[in-house]
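Colleague: Residue numbers (this note's numbering), protein chains in the order written: chain B, 24 to 228; chain C, 282 to 545.
No lab work stands behind these hints: they were computed from the structure.
What you are looking at is a predicted structure, and each value in this text was computed from that prediction instead of being measured.
It is possible that some hints are incorrect.
To be verified - Derived lysine to aspartate or glutamate pairs resembling DMTMM-like cross-links, with alpha carbons at most 20 Å apart:
id, chain 1, residue 1, chain 2, residue 2
1, B, K94, B, E184
2, C, K337, C, D296
3, C, K478, C, E526
4, C, K433, C, D448
5, C, K478, C, D525
6, C, K337, B, D69
7, B, K94, C, D423
8, C, K337, B, D54
9, C, K337, B, D34
10, C, K478, C, D512
11, B, K94, B, D47
12, B, K94, B, D150
13, B, K94, C, E338
14, C, K433, C, D512
15, B, K94, C, D296
16, B, K94, C, E349
17, C, K533, C, E452
18, C, K337, B, D176
19, B, K94, C, E286
20, B, K94, C, D448
21, B, K94, C, D512
22, C, K433, C, E467
23, B, K94, C, E452
24, B, K94, C, E467
25, C, K478, C, E467
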Amino acid sequence: MDAGHDTMANDAVAEQERMRRFRDAALPHLDDVYTLARYLMRNPTDAEDAVQECYLRALRHFDSYRGPAMKPWLLAILRNVCNAEFARRGKEEVPTDFAQDEAVAEDMPMWQEPQVSPEKSMLRQQDSATIRRLVAELPEPFREAIVLREINDLSYQEIAEVAGVPVGTVMSRLARARAMLRSAWNATETAAPIRGAATASGLAS
Amino acid sequence: MNHSEFDIMVHALIDGELDAGHAREVESHAAEHPESAAKLASFRVMHDAMGGGALKETAPAHLRTRIETDFAVPASRVVPMRGFFKPTRRSFFGGFAVGSALSAAVAASLVLTVIRNNQEQTIADEVVSAHVRSLQAGHLMDVATSDQHTVKPWFNGRVDVAPPVVDLTAESFTLLGGRLDYINSEPAAAIVYQRRKHVINLFVAQHLGARRARTASESIQGYNIRHWSQDGLDLWVVSDLAGDELDEFVQKIASALRRPSSAS
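Bound conformation, chain C alone (with noise of 0.2 Å):
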């Protein structure tokens, strides 16, 4: 490694993207050059000085209130009434639609009067309940295999449905097993896998909130959620796996649910 590799690469040490082969010989030429060593430590001390939200702004509690208004209510629900508020401050950014807070606070409660019952949230709330529940010890399965051909007959004649039940120990998401669990009162198949320490629920039924052809997520109390629709099946995943994997994860059986052959 030369002065220049090492002027770029010792970044990349510090912030965590190297490999341990690559980390070794960034640390031995900063121990046989010590310009290079001095320059490894000064940046080490700007970034600890850096990182840890220490510099992280805030966002004033006005900001988050102007936000969370804009939010509170379809847009197309305050267009009406923006003649009659218009914005305090027509701001720096003039092309931009700066909405009425006021108009949408008012309209966001009209609403919530009316609209009470929302059944997909409760369903995703209780995907979360059930997912957190499978936790506690002795509760993750009814059959504890890595064996697909053991846990999808398994299902049969306890939940109305053929789930999924794939093997994706390549992708590296191990199959731990299934459960019977239930979801807004009816039946589901749960099947579980773990990547590294984080465990994911796959919950599979006939009729578990609206049917989405594409993916929806959110996170609710810090775990991630999936939705999607499949092959007249309603499939939920969730876990504390970033989004990311989770989205990779969906990928995998989604595409798996396409070549029912391998599925099975």
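Just chain B, with the same shape it has in the complex (with noise of 0.2 Å):
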């Protein structure tokens, strides 16, 4: 009877560690996740919810886990989650590996480079809010890569691995992303945005 206290106790002494040491590794990058999680999800509900599935997920595998460094290894788990979640609703939003989202998003008139002469190309400061619905307004892959490198500042090895696309793929869409930023970011300062806002609402509000 004695001994059997004795297991069960230390079962939960070492489910506790293991409980613990998860707590410790993966809660300091929980503002990281969510972040990703509002940009991929587009409204505050649905990004909780699949950063809460993420956490559950990242302790079911965490003791399989032998690095990267664990703010990727999180974002990775996260992106599946909302993949997952894409596919599952199956229409609206497209999920972020579909390779000819390149190709779509070269079609998409709104992104064109404008013919900009060098003198007037210098950028205004934008303030954050804009900057977010810009962002917000990116579509994928794109929006993906620019968050993980500028927001959640992962290399481009560490975004290649959650995306998981070599390196040149992600160098090839930040230099969309961007392209296409530096559009909006132009339009942005001549004239009202070039979309609605209800696109970037989960984000701007």
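Fit chain to chain and form the complex, with the hints in mind.
Modeller: Below, the structure written as structure tokens:
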């Protein structure tokens, strides 16, 4: 009887210890995970559910975690959670790893580079809310790439691991993302937002 | 460098992903072409505006609470109570296992009153303390030499283990020396390495926490800690070095231990 108690207590200690290690390692990255979730899911409620699911999955796989760094590992899990959710819905939002996204985005007229002469090409400063909206309006997979780079502060190698693509693809996505962002940024200086705020309302709030 | 190459490379320059040689190529291209210079300037403005945490969201407090309570207790202990506490909101994420925060919190408080003493936690804390103490002037080494054949015999008679002392200079981990330390009131061999400005303490003793065949990771007060067991030794590594680099260090030590000839 006593022996049984001891075993249970030891199991509980081990589990408690595992849980504590997980919390210490994973919880400091909650803001990063939530930020990416906001940009991928586009609304706070879905983002929160995705973050919670991400942490539950991360805990399940924590025993087999061998690196890379904790942050990209969590972000990769989050990304899978979000894509699984998009796949479940099966419409509206497009999962981020469809290769044709690049081609689709190429055809989007609103993102074409304007013919800017060098002298008027200097960008004005924008406030954070505007920048958030501009980033949120980027199509995938460019939005994901720019968020991982600029906001989550990942290296190219880490972004490649999170997105499951070669570093070269990361570089071309970032180049596209910044080119689109620059056009939208320029447009914002002179006119009203090129798209309604509806698509970005989740982040503008 | 042509314009297409510049359009890709300019971002690697801004993101600090280029070595000095390539960075100069990109910059000199920009210096020769005004439109390229304008792009570089624009992208820098954007990069500066987005970085530095300006756009980072803060997770709402209720989300943090939700997640913390999820992990307050082993999931298996929550299961029997699930029937009583239905999740308040069956979320969009229909297939997701959304635990009950309330039951988890209750169960956690029960478990915590039963289980206090956690030896490994104590050791992890002591390892960090010993590391911090070692960083104070004059405390780092008892024997200061990069010669592994001097460090290893120094421990003879001071600790009851023959700690692995390996030369990892080729892997850019410099051996600084060794020290006798005390963890959990037991003598432990501390072998000190350095990468760039980061000091790494490797503590080795016979009984120091749970036996772990696989490396356990954690971080306390900003220090990364690794712990594993090998050849009847318990090994703890602590440093402010980045986690992935510390993992690299652990791999080097572990593989050196598997090849005893090179460790002696």
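Colleague: Confirm or reject each hint.
Modeller: Taking the hints in turn, this is what the structure says about them:
no.: 1; hint: K94/B x E184/B; in the structure: holds (12 Å)
no.: 2; hint: K337/C x D296/C; in the structure: holds (18 Å)
no.: 3; hint: K478/C x E526/C; in the structure: holds (13 Å)
no.: 4; hint: K433/C x D448/C; in the structure: holds (11 Å)
no.: 5; hint: K478/C x D525/C; in the structure: holds (16 Å)
no.: 6; hint: K337/C x D69/B; in the structure: holds (17 Å)
no.: 7; hint: K94/B x D423/C; in the structure: violated (37 Å)
no.: 8; hint: K337/C x D54/B; in the structure: holds (7 Å)
no.: 9; hint: K337/C x D34/B; in the structure: violated (39 Å)
no.: 10; hint: K478/C x D512/C; in the structure: violated (31 Å)
no.: 11; hint: K94/B x D47/B; in the structure: holds (12 Å)
no.: 12; hint: K94/B x D150/B; in the structure: violated (27 Å)
no.: 13; hint: K94/B x E338/C; in the structure: holds (15 Å)
no.: 14; hint: K433/C x D512/C; in the structure: holds (17 Å)
no.: 15; hint: K94/B x D296/C; in the structure: holds (18 Å)
no.: 16; hint: K94/B x E349/C; in the structure: holds (17 Å)
no.: 17; hint: K533/C x E452/C; in the structure: holds (9 Å)
no.: 18; hint: K337/C x D176/B; in the structure: holds (10 Å)
no.: 19; hint: K94/B x E286/C; in the structure: violated (31 Å)
no.: 20; hint: K94/B x D448/C; in the structure: violated (31 Å)
no.: 21; hint: K94/B x D512/C; in the structure: violated (32 Å)
no.: 22; hint: K433/C x E467/C; in the structure: holds (19 Å)
no.: 23; hint: K94/B x E452/C; in the structure: violated (25 Å)
no.: 24; hint: K94/B x E467/C; in the structure: violated (35 Å)
no.: 25; hint: K478/C x E467/C; in the structure: violated (29 Å)
This entry does not satisfy hints 7, 9, 10, 12, 19, 20, 21, 23, 24, 25, going by the numbered hints stated previously.
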